[in-house]
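J.: Okay, here's what each chain looks like letter by letter:
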Amino acid sequence: MVAVQSRLDRLVRPTFGRHLLFALAAAVVLLLLSSQIGAYDDYNLTAVAIFAVAAAGLNLLTGLNGQLSLGHGALMAIGAYTASLLLKDHHQFPVIVVLLAAVLSTGVIGIGFGYAAARLRGPYLAGATLTLAVAIPQVATRYKSIFGGESGLTVAPSSPPDWLGADFPPERWLAWIAFAAAIVTMVLLANLLRGAPGRAFKAVRDNEAAAALAGINVARTQVLAFVVSAACAGLAGALLAYWTGVTAPAGFTLALSLQLITAIVIGGLGSLAGAVWGSLVLVFVPLLTSGMASRLKLPSSIADNLPLAIYGGILVIAMLVAPHGIQGALRRILAYGRARWGNTPGGGQKGVVDWDDPAPDT
Amino acid sequence: MSRFFVLTLNGVTQGAIYAAMALALVMIWRATKVINFAQGAMAMFTSYLAVFAIEHGAPYWVGFLVALVSGLLLGAIVERVIVRPVESAPALNVVILTLGLLLFLEALAPMAFGGQIRSFPPAFSIVGLRLGTSQVPFSPFDLFTLGSVVAVMLLLLVLFQKTDLGLRMRASAFNPEVSRLLGIRVGRMLTLGWALASLVGALAGVLIAPSLLLYPTFMDDVLVFGFTGAVLGGLDSAVGAVVGGLLMGFALTYVGGYFGSDLETVGALVILIAVLMVRPSGLFSVQRVRQV
Amino acid sequence: MLEVIDLTVAYGPVVALHAVSLTVLDGSMTAVLGANGAGKTTLVRTISGLTRPRGGSVRLDGHDITRLAPEEIARLGVAHVPQGQGVLAELTVDENLRLGGLWRRDPKGQRGALAEAYDLFPPLANRRHVAAFSLSGGERQMLSLGRALVARARVLLLDEPSLGLARLVLVQIMARLRTLVTERGLTVLLIEQNAKSALSVADEGIVLHLGKVVAQGRAQQLLGEERLRHAYLGF
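Chains as they are written, first to last, in our numbering: chain A, 1 to 362; chain B, 363 to 654; chain C, 655 to 889.
Okay, chain A solo, but in the shape it has when bound:
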């Protein structure tokens, strides 16, 4: 037993080291990038980071563990409202405290819902999470005195600390917070997935009965996946509260949950990198289309709805043509390149923050 443990440690530690290195590199790149670009671009990149956090968690749950959730927008709402309640009436809390509180609250609710949903499969789980997506915003509307009803709660932006200088743009500060949150989330998830829990998630997705026979506690695995993904959604929700400045039910419609699903599918189901690609698509498609619409002087009825039509169209076409999303396409290109120009065998180094694509049921 000890021998197995130490061998496992030797396996895990270098991976962890690799992940940390990659995270450090990413942090440096993002830091440099954000110092060069303007406030508006920082603002957009923050959105990408926020969605990436939520999408990574959802990708773990749906792509890797096979549980389809149509309600993660509601979980984001829980994180956002937690943050908003803490910061209500101009209470000051350090950002890290607010974020951790959101992670905790959403995680706890994730445990509850996860247990209730652990026995549900496929469309039944989808149904339950769909109802969750629609129900949670209603709670906020109902209990007006606490949650601010339709108009919601306002959140004061987090001001950059003094040592960064008086002129430091708050958008960049928020971007840094969001980047940090995204990087930490990715590293933690990557490690989780390289270890036993990650294998358990996949095993249960691929063949529940076999996994149970192999000694995996299926219910606990399902709940763990749900909780982790909920925590990610909560974190993203809290960041969203800072980003928008207002937390109201209208910001957490069913469309949000569906957009998250769009992101992970387009990006690539079951891959962390895919969560990033998908978030980029999610944020930049509306920007690009509205820019295009105003240049082409399209009427507002068309301009406003074009991004959604494009998402929908992309989803449909992607499923027909490229079901493994951007990450899958990249991987195919890489594999093709490797086959064509030959690479050292055994050097099949998957990306540090990658993990296996879910095997298609061919």
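Treat the hints with care, as some may be off.
As the list claims (entries may be wrong) - With a cut-off of at most 20 Å between alpha-carbon atoms, the simulated SDA-like pairs for lysine to any residue come out as follows:
1) A:Lys144 with B:Val628
2) A:Lys88 with A:Asn44
3) B:Lys524 with C:Leu756
4) B:Lys395 with A:Asp206
I should point out that these hints are in silico values taken from the structure, not numbers from a laboratory.
Guided by the hints, dock chains B and C onto chain A, whose structure is given.
T.: Just chains B and C now, with coordinates in the frame of chain A:
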């Protein structure tokens, strides 16, 4: 007129709509093992087509027919063109496909017809019927709603249970491979199944549009509640779908009436979770051997 | 006449059938024998159109049916009864039987064929409106055979009809089958692991091993070949 009685009447008419949506979803599920999340959006689109006809001078019943026929066609087209190519793909892919279709249709409608909220004419008067000296909160239109949903269900029942075509459709749904070996053109049966389901959905759309008003996302809630009803009743059972839909109608009306309309969906969620915890495959499901 | 010419079938890198050829004459029964995994089921699935071959062809009365859809092949008079009988469990006995001939749209002929099937298999007549999942193994086998008859099949592909059947029932069904072949000129391709009973009713036999034909000939002949029997047929 007791509050309970009023709520019950509302519950029945609401329930009929959700039952229709639930039935449409179950029909498609049984035929192709797909949850058509776009069913509500498809019904929304056919309702828009109906209004388009009516706004251009057609009488109501022509518009009604336009909705039903376009529902039939839309269902057939979606199955043949979009769903058929991915029938061998993992289930998640097809779900996402229908979600994509949902988003697309909800964006296409305002692009084609304009995004402003419209009114939709009811087939009959919405003024409550008179019973002696008092007015019952049940209008001719409510009667029509109930009646047409029941009529459609009976027609479908007769189709499936008593006709050769229905037999072929049932066989195709139970076991497509064996059905092929019996000379049944399974592909056509599936297309027909989708077409009929979409017809039912379109009916639900025109029946509820007058009270909800017409806007691109007006069928979202109906889809959610119809789906919840279908899940409650057990996706494999058409009877379950109808019962589940009715239960949802009652649950939502009672919760809304006694606890406030803001808590309707929460009530639905609680009921759904409660039922699924006891019977994870729905009330009327055949308990297949499945351990957790 | 059913001809299989140089049929090669592969699932990805695994070759299930390798250039298999055989001919079944009208009004005769050929037994397809061999151990599990020999390719017997693959053979009939390819003939009935459920599986596409990588090479070779299948001909029915001279017409190439290799690339036809299964439902079209069925409409040409080929009835494939899969392993486990392929009975539609949720439907009744009567509904199952009727399914066979529905595509013909010939209500009168259908009624006649149904009556015939009930005549031939009296236990079914007693359970007309019973759901098929409550039938015994033997009754299910009768149901699938009856269904093939209602379909007016000329060629019958039977995949392991003996599975799950009591010996006595098996003997009876084999006898009925033989009668149908002799009296109606039915053409039968019979897959069986129980080689002895198959060879005792069949006219010809073909033995598959790992996707290849290792022996072919008159059934009586094959029964007599001891080494063959020991090596491939288990008796």
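J.: Compare the structure with each hint and give your call.
T.: Now for the hints, and whether the structure bears them out:
no.	hint	verdict
1	A:Lys144 with B:Val628	holds, 16 Å
2	A:Lys88 with A:Asn44	violated, 25 Å
3	B:Lys524 with C:Leu756	holds, 14 Å
4	B:Lys395 with A:Asp206	holds, 19 Å
Of the numbered hints listed earlier, the single one contradicted by the structure is hint 2.
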